[in-house]
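Build the full structure now, drawing on both the sequences and the hints.
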Amino acid sequence: MKFFDCNASFGTSMIRPIRFAESAQELLNEMDYYGISEALVYHARQRDDSPLVGNEILLKEINGLDRLHGTFAILPLQTGELGSLEVISQRMKAANVRAFWAYPAEHKYLMTRTALDPLYDLMVERQIPLFISVNESCGGISGWYLIENILSEAEDLTLVVTEHGSWGHDRFFRPLVEKYENLYLDISRYELDGGISDFCGKYGADRLLFGTGFPKWNPGCSILTLTHADITTKEREMIASGNLESMLRRVRL
Amino acid sequence: MNPSPLIKEFLEKGRSESCPIIDMHAHLGPYQGIYFPNPSPEDMVRTMDRCGVRMIVSSSHASLIDTRANYEMAKVVKKYPSRFKAYWVINPNYPERMQRDIANFPDMEGFVGFKFLSDYHKYPITSPRYEPALKYADQHRLLVLMHTWGESRYDSPALVEKLATRYPNVTFLMGHSGYGEWEKSIQIGRDYPNVYLELTAAYAVNGVIDWMVEEAGSEKIVFGTDLPWFDPHYGIGCVLFSRISDEDRHDILHRNAEGLLKPYL
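Heads up: the protein sequence lines correspond to chains A and B, in order.
Read in order, the letters of the first sequence correspond to residues 201 to 453 in this note's numbering.
Read in order, the letters of the second sequence correspond to residues 11 to 275 in this note's numbering.
If you are wondering where the hints come from, they were derived from the structure by calculation, not from laboratory data.
It is possible that part of the hints are untrue.
With a Cα cut of at most 25 Å, we get these calculated SDA-like pairs of lysine to any residue [claimed, not checked]:
| id | chain 1 | residue 1 | chain 2 | residue 2 |
| --- | --- | --- | --- | --- |
| 1 | B | K23 | A | G235 |
| 2 | A | K434 | B | K23 |
| 3 | A | K202 | B | G217 |
| 4 | A | K202 | A | Y233 |
| 5 | A | K202 | B | E22 |
| 6 | B | K85 | B | K18 |
| 7 | A | K202 | B | M11 |
| 8 | A | K402 | A | Y345 |
| 9 | B | K132 | B | G43 |
| 10 | A | K379 | A | T312 |
| 11 | B | K18 | A | V253 |
| 12 | B | K132 | B | G160 |
| 13 | B | K88 | B | M11 |
| 14 | A | K379 | A | R326 |
| 15 | B | K18 | A | R267 |
| 16 | B | K23 | A | S213 |
| 17 | B | K18 | A | Y233 |
| 18 | B | K272 | B | M11 |
| 19 | B | K23 | A | G442 |
| 20 | B | K89 | A | G394 |
| 21 | B | K194 | B | P273 |
| 22 | B | K23 | A | Y234 |
| 23 | B | K194 | A | S213 |
| 24 | B | K18 | A | K379 |
| 25 | A | K402 | B | P47 |
| 26 | B | K23 | A | G339 |
| 27 | B | K85 | B | M118 |
| 28 | A | K202 | A | E261 |
| 29 | A | K402 | B | M11 |
| 30 | A | K308 | A | G339 |
| 31 | B | K18 | A | T433 |
| 32 | B | K18 | A | D232 |
| 33 | A | K202 | B | K18 |
| 34 | B | K23 | A | D398 |
| 35 | B | K194 | A | F220 |
| 36 | B | K194 | A | M214 |
Please read these numbers as outputs of a predicted model, since none were measured by experiment.
Spelled out as structure tokens, the structure:
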């Protein structure tokens with residue numbers, strides 16, 4: 201089965217993880233150890249530094265590495281740091297970047313239409329997915345309340361929520377999954393016994409994406425859980441790689 | 011790809027004949043803050059079969075709240091004697107019940123010791139309220155599974171260290187391995203023969219199992235899942251893919267538990 205990781209990172213971060221990959225090549229070595237074919241990646245500096253710095257570091261690091269697919273960290277366009285919408289679009293097309301990450305707590309902005317209007321429109325129009333950890337916060341709101349806030353203002357946005365936590369999040373996210381059809385979850389922390397099969401039985405397999413959360417989390421967790429989840433082979437393959445491949449194919453750069 | 015035969019076997023079959031898992035940290039039944047698809051004893055046995063888990067040691071969720079529910083847990087142990095063992099939950103908020111519970115403990119077949127949940131019960135594990143249970147456990151060489159969490163005022167690794175010295179005949183299982191305060195937890199696991207690191211939730215932290223094995227040794231680590239919380243394959247996958255030997259994996263996943271449970275098997 202092909203694994204395509206939707207949530208992996210490399211590079212030196214401010215807080216040292218116990219184990220991490222310093223370079224893109226080291227990340228590829230890690231992926232080989234786990235049997236992961238491809239990954240949608242961000243560099244730690246995209247989160248811990250200015251996106252202005254981090255986005256360029258990422259592109260330089262993964263240049264020529266076909267198994268690693270880049271993402272851009274976003275900022276509100278009003279400060280002009282990332283350039284105009286046209287500049288961002290051209291840069292993404294040139295580097296084949298097909299997804300965004302948002303780190304509103306670290307980069308200090310509001311996840312609202314007021315702050316992100318033109319970017320939200322770009323994402324919706326070109327079907328570019330936005331990734332965000334449920335542990336993010338901004339403007340005094342956090343967690344699933346923040347996620348619902350984003351979706352209530354941009355219902356057609358393709359939003360991938362990562363790291364949804366192991367301590368019982370189904371009561372939070374299932375109402376949102378039912379209401380917002382473009383909401384996806386990565387399974388890096390979906391460790392609930394029977395959770396994946398129960399979710400697929402109710403909502404189908406197309407809303408879940410294989411993710412590891414590397415380097416913070418051990419990729420072995422989600423690999424063995426998905427490999428033996430009580431679902432069909434087709435559903436397993438959709439989660440392992442098919443759903444992410446389809447999502448990235450839909451993007452119009 | 012990692013060449014371990016054990017990894018290959020688990021990836022292909024989801025279980026291993028040579029590595030029958032023993033889960034030293036489990037629960038039972040529904041609980042307040044989480045939806046469980048598989049909370050009943052029958053559900054749990056089905057999960058155990060799917061994942062190659064031979065035996066689990068549980069404290070029911072109900073007994074974490076009301077210790078009278080320990081008697082319901084005893085019925086499950088009696089119904090599935092080869093699959094379930096149990097911890098008797100001690101709730102320091104009801105000391106008058108504790109005395110009676112301890113007096114009844116010798117009659118409770120299949121119970122291997124006590125369970126403390128201090129972060130939730132809001133008494134530090136060093137509180138005099140726990141003394142009757144700890145003295146009894148010391149006298150009878152029982153296991154005590156404690157929820158432990160880094161920097162907690164109720165059950166931090168430093169507090170475990172105090173008990174390890176005070177009650178040398180108790181085998182302390184540090185539930186969640188003092189999550190987050192890894193360096194201190196590993197030091198205690200290494201330095202005290204009567205303290206074991208228990209992996210529930212901790213296993214997911216990338217690299218922490220390698221660190222534990224390197225510093226404390228694989229013979230001081232036991233496996234747990236909080237079942238019905240966490241899919242055993244999630245934790246097993248972490249142990250399998252850690253940078254340790256297959257011998258270490260066997261120690262963690264069943265051998266150490268077999269040694270600890272020998273008097274009860």
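Structure-based check of all given hints:
1. K23(B) / G235(A): holds (17 Å)
2. K434(A) / K23(B): Status holds; Cα separation ~18 Å.
3. K202(A) / G217(B): Roughly 24 Å separates the two Cα atoms, so the pair holds.
4. K202(A) / Y233(A): Given that 25 Å is the threshold and the Cα spacing comes to 14 Å, the pair holds.
5. K202(A) / E22(B): This hinted pair holds, its Cα atoms lying about 15 Å apart.
6. K85(B) / K18(B): Violated, because 38 Å separates the two Cα atoms, which is more than 25 Å.
7. K202(A) / M11(B): holds (13 Å)
8. K402(A) / Y345(A): Cα-Cα ~23 Å, so holds.
9. K132(B) / G43(B): Given that 25 Å is the threshold and the Cα spacing comes to 18 Å, the pair holds.
10. K379(A) / T312(A): Holds - the C-alpha atoms of T312(A) and K379(A) are around 19 Å apart, at most 25 Å.
11. K18(B) / V253(A): violated (41 Å)
12. K132(B) / G160(B): The given pair, whose Cα atoms are some 15 Å apart, holds under the 25 Å limit.
13. K88(B) / M11(B): Distance of about 43 Å is beyond 25 Å: violated.
14. K379(A) / R326(A): holds (22 Å)
15. K18(B) / R267(A): Since the Cα atoms of K18(B) and R267(A) sit roughly 24 Å apart, the hinted pair holds (cutoff 25 Å).
16. K23(B) / S213(A): violated (37 Å)
17. K18(B) / Y233(A): holds (13 Å)
18. K272(B) / M11(B): Violated, because 36 Å separates the two Cα atoms, which is more than 25 Å.
19. K23(B) / G442(A): holds (23 Å)
20. K89(B) / G394(A): Distance ~23 Å between K89(B) and G394(A) Cα, so the pair holds.
21. K194(B) / P273(B): violated (30 Å)
22. K23(B) / Y234(A): Distance ~17 Å between K23(B) and Y234(A) Cα, so the pair holds.
23. K194(B) / S213(A): Holds, at about 23 Å.
24. K18(B) / K379(A): Violated, at roughly 40 Å.
25. K402(A) / P47(B): holds (12 Å)
26. K23(B) / G339(A): Answer violated: K23(B) to G339(A) is near 48 Å, above 25 Å.
27. K85(B) / M118(B): Judged against 25 Å, a Cα distance of about 10 Å means the pair holds.
28. K202(A) / E261(A): Roughly 24 Å separates the two Cα atoms, so the pair holds.
29. K402(A) / M11(B): Distance of about 34 Å is beyond 25 Å: violated.
30. K308(A) / G339(A): Distance ~8 Å between K308(A) and G339(A) Cα, so the pair holds.
31. K18(B) / T433(A): Judged against 25 Å, a Cα distance of about 19 Å means the pair holds.
32. K18(B) / D232(A): At roughly 15 Å apart (the allowed maximum being 25 Å), D232(A) and K18(B) satisfy the hint.
33. K202(A) / K18(B): holds (16 Å)
34. K23(B) / D398(A): holds (21 Å)
35. K194(B) / F220(A): holds (21 Å)
36. K194(B) / M214(A): Judged against 25 Å, a Cα distance of about 22 Å means the pair holds.
Checked against the numbered hints listed earlier, the structure breaks hints 6, 11, 13, 16, 18, 21, 24, 26 and 29; every other hint is satisfied.
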